[in-house]
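Number of protein chains: 2
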Amino acid sequence: MTEKITNLDHMSANPLIPEVQEAMISAIRNDYGNPSSQHKLGDKAAEAMEKARESVARLINAPSAKDVVFTSGGTESINLAVKGIAWAKQDKGRHIVTSNIEHNAVLRSLRRLKMMDYKVSSVPVDGYGRVDPVDVAGAIKDDTVLVTIMHSNNEIGTIQPIQEIARITRERGVILHTDAVDSVGVVPVDVQTLGADLVSFASNTFYGPTGSGGLYVRRGTKIWPLLDGGVQEHNKRAGTENLIGIVGMGAAAEIAVRDMSARTAHVVKLKNKLLKELPHYIDEYIVNGHPEKSLPNLVSVSVKYIEGESVVLMLDDENIAVSTRSACAAGALQASHVLLSIGRDFADAQGTLVITLGEDNTEQDVTRFLAALKETVKTLREISPLYEKKAAQA
Amino acid sequence: MTEKITNLDHMSANPLIPEVQEAMISAIRNDYGNPSSQHKLGDKAAEAMEKARESVARLINAPSAKDVVFTSGGTESINLAVKGIAWAKQDKGRHIVTSNIEHNAVLRSLRRLKMMDYKVSSVPVDGYGRVDPVDVAGAIKDDTVLVTIMHSNNEIGTIQPIQEIARITRERGVILHTDAVDSVGVVPVDVQTLGADLVSFASNTFYGPTGSGGLYVRRGTKIWPLLDGGVQEHNKRAGTENLIGIVGMGAAAEIAVRDMSARTAHVVKLKNKLLKELPHYIDEYIVNGHPEKSLPNLVSVSVKYIEGESVVLMLDDENIAVSTRSACAAGALQASHVLLSIGRDFADAQGTLVITLGEDNTEQDVTRFLAALKETVKTLREISPLYEKKAAQA
Chain A
77 MTEKITNLDH
87 MSANPLIPEV
97 QEAMISAIRN
107 DYGNPSSQHK
117 LGDKAAEAME
127 KARESVARLI
137 NAPSAKDVVF
147 TSGGTESINL
157 AVKGIAWAKQ
167 DKGRHIVTSN
177 IEHNAVLRSL
187 RRLKMMDYKV
197 SSVPVDGYGR
207 VDPVDVAGAI
217 KDDTVLVTIM
227 HSNNEIGTIQ
237 PIQEIARITR
247 ERGVILHTDA
257 VDSVGVVPVD
267 VQTLGADLVS
277 FASNTFYGPT
287 GSGGLYVRRG
297 TKIWPLLDGG
307 VQEHNKRAGT
317 ENLIGIVGMG
327 AAAEIAVRDM
337 SARTAHVVKL
347 KNKLLKELPH
357 YIDEYIVNGH
367 PEKSLPNLVS
377 VSVKYIEGES
387 VVLMLDDENI
397 AVSTRSACAA
407 GALQASHVLL
417 SIGRDFADAQ
427 GTLVITLGED
437 NTEQDVTRFL
447 AALKETVKTL
457 REISPLYEKK
467 AAQA
Chain B
77 MTEKITNLDH
87 MSANPLIPEV
97 QEAMISAIRN
107 DYGNPSSQHK
117 LGDKAAEAME
127 KARESVARLI
137 NAPSAKDVVF
147 TSGGTESINL
157 AVKGIAWAKQ
167 DKGRHIVTSN
177 IEHNAVLRSL
187 RRLKMMDYKV
197 SSVPVDGYGR
207 VDPVDVAGAI
217 KDDTVLVTIM
227 HSNNEIGTIQ
237 PIQEIARITR
247 ERGVILHTDA
257 VDSVGVVPVD
267 VQTLGADLVS
277 FASNTFYGPT
287 GSGGLYVRRG
297 TKIWPLLDGG
307 VQEHNKRAGT
317 ENLIGIVGMG
327 AAAEIAVRDM
337 SARTAHVVKL
347 KNKLLKELPH
357 YIDEYIVNGH
367 PEKSLPNLVS
377 VSVKYIEGES
387 VVLMLDDENI
397 AVSTRSACAA
407 GALQASHVLL
417 SIGRDFADAQ
427 GTLVITLGED
437 NTEQDVTRFL
447 AALKETVKTL
457 REISPLYEKK
467 AAQA
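First to last, the sequence lines map onto chains A and B. Using our numbering, read the first sequence as starting at 77 and increasing by one per residue. Using our numbering, read the second sequence as starting at 77 and increasing by one per residue.
Derived from the structure by calculation, the hints contain no laboratory data. Note that the Cβ used here is the ideal one computed from N, Cα and C, for glycine as well. Please note that a few of the clues may not be correct.
To be verified - Below 25 Å or equal to it, Euclidean Cα-Cα: the simulated DMTMM-like pairs (lysine to aspartate or glutamate) are:
(1) K195(A) <-> D392(B)
(2) K116(A) <-> D436(B)
(3) K116(A) <-> E383(B)
(4) K116(A) <-> E435(B)
(5) K120(B) <-> E98(A)
(6) K120(A) <-> E360(B)
(7) K120(B) <-> E95(A)
(8) K312(B) <-> E451(A)
(9) K127(A) <-> D193(B)
(10) K116(A) <-> E451(B)
(11) K116(A) <-> D219(B)
(12) K298(A) <-> D193(B)
(13) K120(B) <-> D392(A)
(14) K190(A) <-> D219(B)
(15) K190(A) <-> D167(B)
(16) K80(A) <-> E385(B)
(17) K116(B) <-> E451(A)
(18) K120(A) <-> D441(B)
(19) K168(A) <-> D193(B)
(20) K80(B) <-> D119(A)
(21) K120(B) <-> D393(A)
(22) K369(A) <-> D436(A)
(23) K168(B) <-> D193(A)
(24) K116(B) <-> E435(A)
As the list claims (entries may be wrong) - What follows is a list of derived Cβ distance ranges for each label pair:
(25) K127(A) <-> K190(B): 36 to 42 Å
(26) R246(B) <-> P139(A): 49 to 55 Å
(27) D393(B) <-> G296(A): 34 to 40 Å
(28) R248(B) <-> G214(A): 50 to 56 Å
(29) G419(A) <-> G249(B): 47 to 53 Å
The whole structure should be built from the sequences, with the hints applied where relevant.
This is the structure we're talking about:
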């Protein structure tokens, strides 16, 4: 991490905190070997891996560490959950229920399944981006095998009523997956009270390395592996494990358990400061997402008459990192389906900035960002045909 | 790596060589961020990743670094290749040709595809474990969309005539995938002269970290991603990349290019010593695999009247690490399909040891192993009912 850069895009680039770095470096130096080996060379690897699994299980309160499947990250966890359940249940039915604001990993997994003769129903969200459990209940049909609704949204931060949805799916005998990639390690996620059958998460969300994630699979849930081969991960995910990454994720999970409330208090303070002071710096904007049921570290603002992409580039010149939306979609150019779903028009959607705060941020960072944003918005509006038109109308 | 252990199971537990350790540690300390980020925080990550991609491309002589898709390891590469082509070509046909001695990642991917209404033909191998290209040609049908034959076998080391097979598949307009997980970084694999459309490999084979691998995809080859989501890896593999692992794989690839001939000379010397001296230590054994077209670092020996599993455990007590077969299958208890395919009977298959040598091995390691093997075999045969029966018959 270059020190001079103010990181307000933690969702795409959380730093590796020192304890995680040290755990990974120690694993590299000790060079544990392959956890599946038949001899002593693998013993330490297996031990380190199971220790990490226990730590991760504690973070999500899994009944047993065995319920945690290690993957190569959030995207793989989601693909495994969605496709693995759809395939395993294909004889029971081929209908899946989802929401209009899911992450691309869910959306495109479902698009893929449609190419394999699955049907998908998508429920709407309200202006805050919340799903109504009643809509989910209404969308479930006799041949529905899976409901997949995200825990929190990566663009607007809104947290969904997963517990209520889980009550419905349980009653209807349908499997529930929740993409909790942006929640686990940020807000308390207790898989037992949550009631979802599958919960996806990623290490980088809680200051662990990229390329490591996991999927909670409720015991007894029949799922096809996405990766077939060896017998690793209780036959749910073949392939020699990324031990260094897993050790890093384990260390990060331990610290997340310890520090979550302090971290939350810290970022909420900064988020509140940002939202409170924002009107002193810019006008004509909309704050997206639910005012309370939302991630404590995320602020989404649609700024009128400008392009978010331009703001990102101009702030980048000032060494301030923010995002328009998740880095995964950075290569894609269409307007955010999430913002359109909550009622933003195309122009406002394009003018949206996502700020994700982290434990390394300070009040100065927020002030610095607000000042730079003010200048940037002013500059951009001066050259904006939309802003001119609006001024002329006034 | 605990110093006292003699590692003769490099295939399951290659050590991380110092240069690779340092590259990974430096990546951890510099904490590059997310290569897909929209701002500077991601620039260094993207740079480090593309440098690694260039190094890996050089190792396999890919026409362009863009032809290399990073994955979470050999198993994912194989699953992506086999399933990704089968799905992408489903409208053209649903028939796949393979061999009888493939790795579980291929076998079980194909078994999975059979559950999705694909058909599979499997060609036999000769006593050395070689596929006859004529058999492959004979197995290709009008609806064949994929031939998948391994480059080298992980249990007996035999190398397949992939170039000849590629000539056939090209002529017939069928995609060819070769699982080169145990070849790339050990023997020269030039994807351009080889002629396969897809080549799977894994970082750990050439002293890189576990959890990192790649798939060469010939330009223009239509393939469905296994992981849907973001636009990473040229839309062939979604998910934030395992940057630390990729940096390690890149460093390992660079060193493999530099050191491959020296490494080969070293392990061949040890392999020859082992094979030459073996008859002075034990009798009644069969050396498996092709005498020339074989991996330079692998020795497979079926020792009569004993169980390989017991030898592994007893040698482990002596701090010598060997394997019965690949660690991936260590949890499975059936006899090796590879050994049965080359004509070993069930008992001999169960009495098989796989020794894989590495650059850290010495002549003393070989001598130490042979002496310990002699004692172990003697002890085990004394309690073997098979050996007793044979003695009585003599």
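Structure-based check of all given hints:
Using a Cα cut-off of 25 Å, the hinted pair K195(A) and D392(B) is violated, with the two alpha carbons roughly 53 Å apart. A threshold of 25 Å between alpha carbons decides the hint, and for K116(A) with D436(B) the separation of about 17 Å falls inside it, so the pair holds. As the CA atoms of K116(A) and E383(B) are separated by approximately 19 Å, the hinted pair is consistent with the 25 Å bound. Our distance criterion of 25 Å between C-alpha atoms is met by K116(A) and E435(B), whose separation comes to about 20 Å.
At most 25 Å may separate the alpha-carbon atoms for a hinted pair to count; K120(B) and E98(A) meet this at roughly 21 Å. The suggested pairing of K120(A) with E360(B) is violated, with an alpha-carbon distance near 35 Å, which exceeds 25 Å. A C-alpha spacing of about 22 Å is found between K120(B) and E95(A), which places the hinted pair at or below 25 Å, so the restraint holds. For the proposed pair K312(B) and E451(A), the alpha carbon gap of about 40 Å is over 25 Å, so the pair is violated.
Proximity of K127(A) to D193(B) is assessed by CA-CA distance (about 40 Å); at most 25 Å being required, the pair is judged violated. Simply put, K116(A) and E451(B) have alpha-carbon atoms about 20 Å apart, close enough for the 25 Å limit, and the pair holds. This hinted pair does not check out: K116(A) and D219(B) have alpha carbons roughly 48 Å apart, beyond 25 Å. For the hint linking K298(A) to D193(B), the alpha-carbon distance of about 20 Å falls within 25 Å, and the restraint holds.
The suggested pairing of K120(B) with D392(A) holds, with an alpha-carbon distance near 14 Å, which does not exceed 25 Å. As the CA atoms of K190(A) and D219(B) are separated by approximately 23 Å, the hinted pair is consistent with the 25 Å bound. A hinted pair counts as satisfied when its Cα atoms are at most 25 Å apart, and K190(A) with D167(B) qualifies at roughly 15 Å. Simply put, K80(A) and E385(B) have alpha-carbon atoms about 57 Å apart, too far for the 25 Å limit, and the pair is violated.
Straight-line distance between C-alpha atoms of K116(B) and E451(A) comes to about 20 Å, which keeps the hinted pair within the 25 Å bound. Simply put, K120(A) and D441(B) have alpha-carbon atoms about 22 Å apart, close enough for the 25 Å limit, and the pair holds. Taking the CA atoms of K168(A) and D193(B), the gap is near 17 Å; set against the 25 Å cutoff, the hint holds. Using a Cα cut-off of 25 Å, the hinted pair K80(B) and D119(A) holds, with the two alpha carbons roughly 14 Å apart.
Pair hint K120(B) plus D393(A) holds up; C-alpha atoms about 15 Å apart against a cutoff of 25 Å. For a cut-off of 25 Å, the pair hint linking K369(A) to D436(A) stands: about 24 Å separates their Cα positions. With a CA separation close to 17 Å, the supplied pair K168(B) and D193(A) stays within the 25 Å bound. This hinted pair checks out: K116(B) and E435(A) have alpha carbons roughly 20 Å apart, not beyond 25 Å.
At about 38 Å, the beta-carbon gap between K127(A) and K190(B) stays in the expected band of 36 to 42 Å. For the pair R246(B) and P139(A), the beta carbons lie near 53 Å from each other, so the given range of 49 to 55 Å is met. Taken as a hint, the range 34 to 40 Å holds for the pair D393(B) and G296(A), whose Cβ atoms sit roughly 38 Å apart. At about 52 Å, the beta-carbon gap between R248(B) and G214(A) stays in the expected band of 50 to 56 Å.
Separation of G419(A) from G249(B) is about 51 Å and conforms to the stated range, judged on CB atoms against 47 to 53 Å.
The structure fails to meet hints 1, 6, 8, 9, 11, 16 from the earlier list, while all remaining hints are met.
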